[in-house]
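Engineer: One letter stands for each residue in the lines below.
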Amino acid sequence: MSFVHLDVRSYFSLKEGAFAPEQLAEQAAGLGMPAVAMTDRDGLYGAARFVSGCQRNGVKPILGASLTVRAPAPPPRDAHVVLVAEDDTGYANLCRLLTDAQLLGERGDPWVAVEQICAHAAGMTVLLGPRSHPGRLAVAGRTDAATRLAAPFREAFGADRCVVAVEHRLEAGSAAEIRTMLRFAEKLDAVAVATNPVRYLTPDDAFLADALECMRAIVPVASSNVSRTNAEGWLKPPAEMRALFTERPDLCDATLEVAERCTFDLGLKQVHFPDFPIPGGRSADAVLAERCLRGVHERGMKQDDRLRDRLHHELSMIRQMGYAAYFLTVAEIVADVKAMGIMAACRGSAAGSLVCYLTGISDVDALRHDLAFERFLNPMRDELPDVDIDVESARREDVYDMILSRHGQERAACVAMIDTFRARAAIREVGKALGLPEVEVGMVAKAFPHISARNIRDGLERLPELRGINLPMRQLELLFRVAERLDGFPRHIALHPCGIVLSSHDLADRVPLERSANGHRMAQADKDDVEELGYLKLDILGVRMLSSMRHALDEIARTTGEKVDLDRIALDDRPTFDLIRASDTLGCFQIESPGQRELLQKLQPDRWEDLIVDISLFRPGPVKSDMIRPYIARRMGLERPIYIHPELRPALQETFGVIVFHEQVMRTLAALAGYELTYADHIRRHLDDGSMLPALKADFLARAAERDVDAAAAAKTWDAVVQFASFGFCKAHAAAFAVPTYRSAWLKTHYPAHFIAGILTYDPGMYPRRLLLDDARRRGVPILPLDVNRSEPEYVVEEVEVRSGSRCDDGADAGEECGPRVVDAARAPAEPSEGEVSIAPTAQRGPHPDPGYAIRLALQDVHGISDAEIRSILAARAERPFRDVGDFLRRTTVTRPVAEALAHAGGFDALTGSGTNRRGHLYDAITVDAPREGDQLTLADAGAPVHRFPEYTDAEVVKAELEVLGLDVTRHLVSFFEPLLVDLGVMRAKDLHRCRQDAWVMVAGVKIASQTPAVRSGQRIIFVSLDDATGPIEVTVFESVQPKVAKTVFHAYALAVWGQLRRTGVKGMSVTAEDVWDLTELHRARRDGRLRQAMSGPTEVHAPARRLWHASPGSAG
Amino acid sequence: MTKRFDEEVRVERDAGMPSVFEWRGKRYQVVDVIGKWRIEGRWWADGRDREYWRVEARGGAVWDLYFDRQHDRWHMERLWD
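Read top to bottom, the protein sequences are chains F and H.
Per this note's numbering, residue 1 is the first one in the first sequence, and the count goes up by one each step.
Per this note's numbering, residue 10001 is the first one in the second sequence, and the count goes up by one each step.
Derived from the structure by calculation, the hints contain no laboratory data.
All figures in this text were calculated on a predicted structure; none of them were measured in a lab.
Treat the hints with caution; some may be incorrect.
Stated by the list, open to error - To give an idea of the chain H side of the interface with chain F (calculated C-beta under 8 Å), a few residues:
| no. | residue |
| --- | --- |
| 1 | R10010 |
| 2 | G10035 |
| 3 | W10037 |
| 4 | R10038 |
| 5 | I10039 |
| 6 | E10040 |
| 7 | G10041 |
| 8 | Y10052 |
No residue lacks a Cβ here, since even glycine has one placed at the ideal position from N, Cα and C.
This is chain H alone, in the form it adopts within the complex (with noise of 0.2 Å):
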């Protein structure tokens, strides 16, 4: 099932992409990347620019994580479990 979080998460980057994320004082190791794409807009409004990668951790769970670029902060997104 999935269910849906914006919450802010520690990612550490390995080679650009992202290996390690800390959660809720949890550390998740990224076995495998699935996805990434950008979602970038809304100048005329909160002018949004974020890069999300679909990751799958350790244990089979699958995760949306983005990367704030205006702000200079990771969130976490989404969590299929």
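So here's chain F without its partners, still in its complex pose (with noise of 0.2 Å):
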């Protein structure tokens, strides 16, 4: 009394089935199946995981799938065949069927024509159901017609292998359907089988699936748009299977026999190598290690017996791996990319391998930094070691495409990913199925977690934003009902950020491949499934700082002619260390944040070792585990370093003891207890398994203390290594990214406008661009203005000369030299603008003055401009320059606005011949008729009167550049307030430090940044970060003097701050707020001359505030 269904759709039949691979494993098994079928639309997505699903539960998996097949002539609609494999030929013939159905059509409307199945045959069965054409014929009562279609199967596929699928859905014409479809059986000359098309698991899961068929139309659920009209579309146990058939057993017979002939296994778990082409008759280990000798000779390493030792060992392993070609196909890759001029640099353990090193993969020295390749690759490991590249972002694309297309679809795709439903989105795409108003919607959305389907009425009730909603209780239950349902369902099939499969030949033959919304090629399997069926993979990451290093030198070479090779700098260049160490690092690859630079100044790093180190401690754990302060009291030599035992000295000796990076956990294992890398490896691995550690800790004492190590040490040895396991970090990861970092810092040492213009404009880093131009400035770093004739779409460079003395009386200056007269300038008339150098360096004082070249400000920051737009301007200008605005709207295609949006920015104040001033231009972008090339001119283009508008003043211009860029270019927000500041007694960012803790300071700044975050006491704080040209300040808002002061902090973009300065540990320090105002509220008070009533408010008198004008900025100390 058995059954197999053989006509089953997953969650991977996008919004149509609803359960998981896993799911349906599990339950065929619960029933007793001895096998079961998935056959999802036109994919096999899950395959991986239902394979394994079963494998666990003890049920036999059959893979197939269910086709679109569309008929060449009308009706030209669609039908659906379905297809399992029954062994290795038919499995790939039914991939290489999908993959044509995927790449052959539009991307998302995967369909083959009958020959195309008919053509790859062999190795499958085919199931004719009321869904197929000839079944639809056959329903229809056209028995004949039904047979002549269906020929093609019949003579391609045989008796036995064309089946026909009789369902019994306990429809009201089932019993005639049935009847129809088995004349067309006998007919046909088919065998026929009961199926069921189960679409869920259990009756109770039927809404599931009419709320997943409208939101797939995106129609409302209603009767009109559900197909089903019962439940029975489940996974029924066979004796409810027999019972609908009970005359005739043979049908469920008959699905036993096809359970019978699928015999094919996925083979999951067997590792499937890459192929790499091979000289004739030479293994790929033996080609591995003559590039590896190659390598040395053109790495200029020694080669000595230390090398040789270290060499052999890898090759070894690698050949008892299996890996050799593996690591030449990565190679390769590697290679080519760098051959298209691209940078890309190797990170993760593969770092820590020395094969990787010659072979070009990596360009970290394994053996120089004392780096273990069982990290990276061990035959303990149960994970299949992947290798980790970055390019440069901008580039990323032209990678994927080179290795696709090197590569071809034999061997390489993309991995996938699936993007599944969070609860937040399935609300909103339900409650559209179930036609509810979108913003309520939203709102209620927004709500979840803190509402579910269990207490809605509760939560409409408890949050405040919910009270008051219009939706019906019934309706919102429903919602909530599905919507919890569909939590994890996948929703579309994605590109993974980074991953490429890389296999032999027999890619195509084992997945399916389908086309990428970009279009690139891409695997039916996702990172995991992806692993279990056996593939290596490389994982490309586009990294935007390569992108920034690569614009520098590109600019390096335009504007000198130098071409600077970022492989060949010194690594012990000391202006460059000079420059971590003042912690000057702003925009450098990892050593940026506020709390990195802090550490930097602690640790002062003076080689490259020590960017390592610097490196591997920046993270939560070693702070909060306060593994920082004995490392950098025992490198000042302030305390003696500390070995447990004499043993572990050589191990631990570059960090004074202290445990750091993984490679140490696995060296202190095996120096005490002797083990094997590989074995320590697999130990470390396994340290926060607390199921795992005492046979561990006990097999680790043991051993020791066969070597006869004291049983005191080896204990305390064992704590250390557990405690600081979980927060050591990989040091071949850290010394990989410490390579970035010091070219970062190089660079920016070196050539700060070349390098500044690059992280402008591919913003790698967490700071906003104006935090960045102001870091230009302060090194001395001229900003030029926006300019429709000479800004590129990117921030490039330019030579300028550079006029020495004071710049302070050309009006356009930045300062704090002239601070007073700045702020006045606001009312003052400006002078005219004089273009190119009229915004000059705020004052030489950077470290490393840079004054031949300057930034010119981006297109691409424009407010609105599209790359079209852009395109454009650098075309219509390549045939002349721009003479006026009249001539910029007739030559390009920009837009009213953005032109506006130009002409606000100053892009057009260097027309001088144009004869009119910003606010001409402005009035001319507005209002100027401007035909296209081509048309008849009119004449109020041709000889209008100029008017005489008034100069933009100082403020207008800042106020304009945030507008239209983001960015305060002219000079910084702040020196506006100068005066206002030194009446205020301020205490600069930059001066902070030397206050005591708890000593109350006045600061103030634009407001860059504000959080607030839930906090665990359940109180409200704000963090609001302020800049004010010397550097950041955090300032912490907690709830007491929120009433006060949140409305100020929210909605002004500069505030004063009044407050307690507290130390925070490694990330420096915090102003406790007491009161805060407005900034330019006070200036305007000042100027009225009642900055005093404006600080004291209408009501309260404010006593710190009083004493202000005493307060001195240098008391504090």
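Got two chains here, each in a separate frame; can you build the complex from them with the hints?
Structural biologist: The structure is reproduced here in structure tokens:
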């Protein structure tokens, strides 16, 4: 009394099936079925998960798919046939059919023709059910026509493998349908089997299928849109299936025969190594060894015993595990990437391999840094190693295209990523399907997870934002009932951001391929599936810093003619380490955050190895566990290094006895217990597994005792290892990261203008562009204004002649030096702008002045400008420069609002021949009648008299810059407030560190960020970051003062804060606010001579504020 | 000809199938079960769940009866006579 379901769609039939592949396996096992098929629509996405689920549950998996078949002649409607794979040939055919279905048509509209299926029939069984073309005809009573249409299937698949699927869906017409289908089978001389179109596992879940169906069709859930009339599409137990077909038990028996024939094994977990074309008769191992020896020569390394031993060790492990072709393939890809002129860097544990260094995969010398190969490749690791390669973010797609075309669809494809429903998104989408108003549903969705299906009523009352929401309770309950179940369902198949599968030629035989949204070939497998399927992958990550550095190098070459080769710069460059030690590292890779900069100051790195330690230490674990303090104290010689046991000295002396790296954990275990590093790494990876810990510890202590290690020392060592293991960092990874870190610092030291132009263009770091610009200004790099004739899409470097001497007179200068005047300038008429160098360096007090080069603002950051508009500007001015706004509008496709923005931000200011100023340009941009080229010129345009418009004031200039570019270019915003800041006795960010703990200070600056995270105590705390042109200041606003100041804190863009200084560990300092003012209001009040009143507020008298006038900034210390 | 109704009836089952039903005070003997189907759904509205039986009663008339699973009662919906 058994039965096998052969038509089953999981949730990988997107918005149709209502269960996961694993749930199917489990349910089938629970119902005592010997086998079960999964036949999703046009894909095998869930195959690996389904098979492994079946293996866990002792059910035989049958892999198949439901293919969309498109008929060439009318009626052009699509139909479906189910194909199941019997053996390797059949599965390969199925994969290739699906790949064809996906790749030959439009994306998102896969289909095949009958001929394609018939040409790939070997090894498969086809099921022609009532939703196939012939089946439809049969149901309509046209048995002969159906038989004719099915003839090609019958011929290609043969009598046994061409099967008519008969369904008993318990619908009103089911009995008649079964009769017609049986007649059709007889006429076709084909076997008939009983099936049920399974879309949900239990009848109770039918509602999910309805919701999914309507979401898929984007129609409201209503009787007219729901196709099912009953809840029979579930995984019925064998007895129920048999009961439906009591008169024809042979139909049920036939399912068992089909299942019997399906012997295909997906072969999970068997590694499929990539192919590498090897010249005749040689092994990949031999070729790899030869490449490595060549690398020794190319890298200029000494062939001593240490190198030979290490190389031999790595190569034999690679041979033993069969990875040679993988290394060769990756090395070839990295070489190809570099040959394209794209920067590439290896990250992660792969950098710990000497072979990677010698074959050019990584640029980190594993020998020099004493990195452990076993951390990367190790027979005891249960996961496949993968190499991560960073490339320039702007060229990532080019790299993908190169790899995919070079290695072909038989061997390479991108990895997919299954984008799943999160509850909130599900609520929104289901809400739409239920026809509920979007705004209200959005509010409810936001309240998730604070409310759930069980407590909606309660939640609606409890949450103030939902009070008075106008949604019917019953509908809301339905909404939640559906949405909660959809949580975790696949929503669509996206491209994984970095993974590429590399395989031997069999990839297309085991995984269907499709196209991602931007056209890349992509496997129907996510990264876990790829691992299960035993494929190795390569992660290609786009890194903005690499694009930034590439831009800097290009700009250096363009402006100076120098070709800087970052592979060959000195690794012990003094000025670079000076910059790092001064923590002047804004914009540098990995070491730019405030916390990192503070660590740099304490650590005072003076060699490459220090950078590796610095990067490893700066993470929450080490910071919290106070690993940093002993390390720094020992490094500075304030404390002596401590080794628990003398044998640990070799492993730990580089960090003075502190365990910092994973590699040290491994070597520490190896040193005392005599483990192989492979086993030591195995232990390391299980140190967080409480269940394994006692056994591991006992083994370690026993082995240490065997080797006569003092028991107390061994126990203490174990404790230290367990304590630090979770904080440890992979040294190879840190060493790999140190490469771009050092290179970016080197560029910033020697080519600040070029480097900052790069990071302004690609924005790789954590700081807003205006802070980077300020950094440039501080180190004396002039910022040149937007200019429609000069600005490029990116930030570029221009050579400038820098006039020395005071620049205070020209009115456009920024100014601490000429502070008081500047604020007045907001009212005073400004002097005419003078184009090119009107924006000059603030002062040349940066540590590395680079007077010869300036940064030109970029078109890319003009608010609202499109790439097409930028291209049209470049094309037009290549013919001849723009004369005036009218000329610009005529010869480009730039829209008027963008032209206005350009004029407003001064993009036309340099067109001195036009005889007008910025306000005039703006007037033109709004009013000029500008027929496009070829149109008749109108009279008005010919010789209209030139108005004299008042000049922009300095304040207007900066305001315009902020509006259009989001940057205060000409000067720092704070500079407008300088006299006010003096009057207030403001303590500048750069001086704050001189204040003692708990000192009362006045600080001020432009708000750059504010956050109100949920805090465990329930108190709401507002964190605000201010920038006062000398650095960032962190301000904390506690609940007690919020009633008074919250409005100002949230609404003003510049603040003055009176409060108490607190030191907050490594993160530095923060000011606890007692009172807060809007800086612009104070500015106005000062101008009107009522600053004192403005600060006291209308009613309250502010004691500390009064003392302000006497507080001198230098008093603290 | 066919007539539509929607009236409650009393039904007796035998081996799960209707064997006798009583409509407008008269008893009808079921001689043959012609078909069975289910309608379930409309959870967004009334959430109906019905088990339909098309039966031939003694005398040759064909009846559609359904069992309303939600409310646990029988209805007569259609009559061919």
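Engineer: Which numbered conditions among the earlier hints are violated in the structure presented, ordered from lowest to highest?
Structural biologist: Violated hint (a single one): 1; every other hint is consistent with the structure.
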